[in-house]
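Asker: Going line by line, the protein sequences match chains V and L. For the first sequence, the UniProt record's numbering gives the first residue as 1, with consecutive numbering after it. For the second sequence, the UniProt record's numbering gives the first residue as 1, with consecutive numbering after it.
If you are wondering where the hints come from, they were derived from the structure by calculation, not from laboratory data. Because the structure is a prediction, the values reported are computed rather than measured. Do not rely on the hints blindly, as some may be mistaken.
No farther apart than 27 Å at their CA atoms in a straight line, the calculated lysine-lysine pairs in the DSS-like style are these [claimed, not checked]:
#, chain 1, residue 1, chain 2, residue 2
1, V, K75, L, K18
2, L, K18, V, K24
3, L, K121, V, K71
4, V, K11, L, K238
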Amino acid sequence: MIIDSITKKYKQQVVLNGLSFDFKQGEIIGLVGKNGAGKSTLMKIIAQTVQNFDGSIKETQNVGYLIEEPKLFGKKTGLAHLNYFSAIYGNKFHRNEYEELLKGLQLSGVLNRKVREYSLGMKQKLGIVISLLNNPSYVILDEPTNGMDIETSIEVLQQLKKMAKERNIGILISSHKLEDIESVCSRVLFLEDGVIQEEQQVSDQNHYLVKLVFDTPTELATFQKHQEFGTILRSSDTSVELETTTNTADVFQFVNKLGIRLNDFTTEKKTLRNVYMNKMGGAKHGA
Amino acid sequence: MVLNIKSYVNYNLSELFKNGFLIIGILCALAPAVLVSYLILSDAVAFNIKHVSNFFCMLGMLAAVLHPLYLVNRDYASKTITLINNSQKNRVNYVVANVVIAFFVSLFYASIGALLLIVAKQLGVPGELEASFLFGFLVNVFLLVMTFFLFGYLLILFGMKSGAIYTILTAMLLFFHNILGNIVYNSENTILTGIIENFPGYFYPVMVGSNPLSPLQYSIGVVTLLVLLFLVVRKSKKIEF
Numbered sequence: 001m002i003i004d005s006i007t008k009k010y011k012q013q014v015v016l017n018g019l020s021f022d023f024k025q026g027e028i029i030g031l032v033g034k035n036g037a038g039k040s041t042l043m044k045i046i047a048q049t050v051q052n053f054d055g056s057i058k059e060t061q062n063v064g065y066l067i068e069e070p071k072l073f074g075k076k077t078g079l080a081h082l083n084y085f086s087a088i089y090g091n092k093f094h095r096n097e098y099e100e101l102l103k104g105l106q107l108s109g110v111l112n113r114k115v116r117e118y119s120l121g122m123k124q125k126l127g128i129v130i131s132l133l134n135n136p137s138y139v140i141l142d143e144p145t146n147g148m149d150i151e152t153s154i155e156v157l158q159q160l161k162k163m164a165k166e167r168n169i170g171i172l173i174s175s176h177k178l179e180d181i182e183s184v185c186s187r188v189l190f191l192e193d194g195v196i197q198e199e200q201q202v203s204d205q206n207h208y209l210v211k212l213v214f215d216t217p218t219e220l221a222t223f224q225k226h227q228e229f230g231t232i233l234r235s236s237d238t239s240v241e242l243e244t245t246t247n248t249a250d251v252f253q254f255v256n257k258l259g260i261r262l263n264d265f266t267t268e269k270k271t272l273r274n275v276y277m278n279k280m281g282g283a284k285h286g287a
Numbered sequence: 001m002v003l004n005i006k007s008y009v010n011y012n013l014s015e016l017f018k019n020g021f022l023i024i025g026i027l028c029a030l031a032p033a034v035l036v037s038y039l040i041l042s043d044a045v046a047f048n049i050k051h052v053s054n055f056f057c058m059l060g061m062l063a064a065v066l067h068p069l070y071l072v073n074r075d076y077a078s079k080t081i082t083l084i085n086n087s088q089k090n091r092v093n094y095v096v097a098n099v100v101i102a103f104f105v106s107l108f109y110a111s112i113g114a115l116l117l118i119v120a121k122q123l124g125v126p127g128e129l130e131a132s133f134l135f136g137f138l139v140n141v142f143l144l145v146m147t148f149f150l151f152g153y154l155l156i157l158f159g160m161k162s163g164a165i166y167t168i169l170t171a172m173l174l175f176f177h178n179i180l181g182n183i184v185y186n187s188e189n190t191i192l193t194g195i196i197e198n199f200p201g202y203f204y205p206v207m208v209g210s211n212p213l214s215p216l217q218y219s220i221g222v223v224t225l226l227v228l229l230f231l232v233v234r235k236s237k238k239i240e241f
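Chain V on its own, in the form it takes in the complex:
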């Protein structure tokens, strides 16, 4: 799927501003950003529930989606939903094809109950299964683990990862729970003010964010001149922050070898959360 130069305005307010990215089947992409960044609008445009926008999207004919809260019939059972949303698209719901997913999501035993008796988490899970009906090539999920406890969230995300791989489905997930995004996505898009501010690959290798504070600018310059184990993110007169895959002991050893005295040293494992906080000014976000 190629999303090309999408711009969306509501009256005079620009919600999305020339946004472009591509998205392959089998890939899971995360979409993060503050409230009002344009995530839901972008998802609605891809799902085609919003029609009036500038730009183009290729390959939108086979997209399943769950955007904002699940939209369901309170008086129908979960099973009736699955039958209905298969039938109206000319398909028959074969339960055996979805049994593993339904069991994984703990929906199997409640499918004959009316949806109005479901908790928010159960409705979310049913909404996810509906989005996966009719063999979609792509699935768009807006806050899919909303209303779920930690164990259920993990199970849902693992099932999605499995579905993406087994059925070659491209999945775009937005969430405020950055740990959720990090656990399943291979790529994360940081959206702010309607544009993609940053694209981050999620690696299996551990990365660390290291901050070194030196006594003098000369010592800092010496370190910067010789260091080869990390990417410098930012520096001031006497301090430097870098990203590295090297472990802490090696960094200390390197500094000692240079004969430089450290005034302060901090290190933390790089997570999506601290990348978000660093790059998006996410302190106000509460993610």
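Fit chain L to the supplied structure of chain V, relying on the hints for placement.
Answerer: Quick look at chain L alone, frame taken from chain V:
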């Protein structure tokens, strides 16, 4: 994923039968007509076959309009429409599918109504039951149901609450035409009476069970239907959620 019109129609029409709405609606339509037929046959009232058809249409047309509208309102009220109204093709298919349902519902009511009239006539209810009247009755029912259904659909698309829509439709089909009828009866202004007599909101409820419409009224009716259909499709293509 393309919305399959045939599957949608089959599924939802059978749901209207299964949940009993169609049966309740047709019983509401039949009850006054059967009662009037009984009174006529008992010589309690001096009515004829057209009164039977009028009593059938009194609640029958309201029920026939509300059945297909119930499905559209259900989808919009629960917002499940967002799972269907995605591509332009699906948006048009959804409108077409619901129009087809309205057509079948109107056919169902028209057929039951025609059958009732034939049976009532056989049992001895007085009055001519010509083929032209029966044919006019079928066409009138079809036009009325489709027109008022599309009008209600348009109100849903403009975000009106279902309670308000049902109230408006009930008023239009049961009461509003009586007010207009009084104006026609009491007014000497021929332009005003001409406008009212050719206004679909008047002539459909008044004439549906009584007489075939005039050629001008049929023309106005068909144009109104096409305009409403055009507006519903146009609005459906643009609506965002």
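Asker: Quickly compare the C-alpha distance for K121 (chain L) and K71 (chain V) to 27 Å and report which way the hint goes.
Answerer: violated (50 Å)
Asker: Hinted pair, alpha-carbon criterion (27 Å max): K18 (chain L), K24 (chain V). Please report holds or violated.
Answerer: Status violated; Cα separation ~43 Å.
Asker: Straight-line Cα separation of K11 (chain V) and K238 (chain L) no greater than 27 Å?
Answerer: holds (15 Å)
Asker: For a C-alpha distance cap of 27 Å, please report whether K75 (chain V) and K18 (chain L) respect it.
Answerer: Holds - the C-alpha atoms of K18 (chain L) and K75 (chain V) are around 14 Å apart, at most 27 Å.
In terms of the numbered hints stated before, the structure departs from hints 2 and 3, listed from lowest to highest.
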